[in-house]
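If you read the protein sequences in the order shown, they are chains A and B. Quick note on numbering: UniProt numbering labels position 11 of the first sequence as 11, and the sequence is numbered without any gaps. Quick note on numbering: UniProt numbering labels position 45 of the second sequence as 45, and the sequence is numbered without any gaps.
Hints were generated in silico from the structure; no laboratory data involved. Careful: at least some of the hints might be erroneous.
[As the list claims (entries may be wrong)] Derived contacts from chain A toward chain B, CB cut-off under 10 Å, selection only:
| # | residue |
| --- | --- |
| 1 | 55 |
| 2 | 111 |
| 3 | 114 |
Fair warning: this is a prediction, and the values are worked out from it, not measured in the lab. Virtual Cβ for every residue (Gly too), placed ideally from N, Cα, C.
Single-letter residue listing:
Number of protein chains: 2
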Amino acid sequence: MTSLLPAPDTGSDICCAPITKDAMSEENAILLAGKFKAIGDPTRLRLLSLIAAHEGGEACVCDLNEPVALSQPTVSHHLKVLVDAGLLTRSKRGTWSFYALVPGALDSLAAVLDTPAS
Amino acid sequence: MTSLLPAPDTGSDICCAPITKDAMSEENAILLAGKFKAIGDPTRLRLLSLIAAHEGGEACVCDLNEPVALSQPTVSHHLKVLVDAGLLTRSKRGTWSFYALVPGALDSLAAVLDTPAS
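Construct the complete structure from the given sequences, taking the supplied hints into account.
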C-alpha cells in the first residue's frame with residue numbers, strides 16, 4: 001500500500017481492516033471468503049495475472065485461452081467467477097467481451113491480509 | 001509492507017512478485033491458489049482473525065469453537081487445513097494444541113495481490 005491516493009471505493013460491503021486487527025464479523029468473513037475463494041484456483045490466478053500484464057490492462061477470451069491451454073467456454077466460465085466476485089470488469093465491444101481488473105479490488109484484499117509491522 | 005525487517009523465509013516455493021507484474025507461471029499459480037483456497041472459507045478466515053486477536057497471538061481449539069459456534073472436531077478440521085496451507089503453526093502443550101499465525105505468511109499473500117501504486 002504505497003499509494004498516496006485515497007483507496008478506491010470498492011463498495012461498502014468490504015471492510016479493509018486487517019484480519020489480525022480484530023476478530024472478524026461473520027458477515028464480513030462471508031463476503032471476503034467469496035473473493036478469496038474466487039482466486040483460490042490456479043487458472044483464475046493466472047487469468048488475473050495475464051489480464052493485468054496484457055497491453056492496456058485488458059484482454060478478451062480470445063487472448064487468454066491459448067496461454068492457459070483451455071477452451072474458450074472454460075475460460076469464459078472462470079472469467080465469470082472473477083466478474084461475479086467483483087475482481088474483473090467486463091465490457092462488450094463488437095464480437096468480444098474485454099476484461100480488466102476492477103481498480104483497487106486486489107489491493108483491498110491485500111489490505112485484509114497485511115499484518116502490522118513488527 | 002511497511003516493515004523494515006527482511007521478509008521472513010516462507011519457503012522457496014512461493015514467489016512474492018505481485019500478480020500484476022508478469023504473467024504467473026503455472027507452478028506458482030498452483031502453490032498460491034492452494035493458500036488462497038484455504039482462506040476462501042468464512043470459518044477459516046474468522047479462525048485466523050480470532051487467533052491473531054487472541055492473547056499472545058495463539059489459541060487452542062478450546063478457545064475457538066465457542067466464538068465460531070462449531071464443534072471442536074469441525075474447528076480442528078479447519079485448523080488442519082490452515083496448518084497444511086502453511087498459514088498456522090501448531091504446538092502441543094499438555095492436553096491441547098496451540099495455534100499461531102506463521103510469521104510473514106499472510107504478508108506474502110498480500111504482496112502477491114498488491115498492485116503497483118498509480
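Evaluation of the provided hints:
no.: 1; hint: 55; verdict: 12 Å, violated
no.: 2; hint: 111; verdict: 7 Å, holds
no.: 3; hint: 114; verdict: 5 Å, holds
The structure is inconsistent with hint 1 alone, although it conforms to all the rest.
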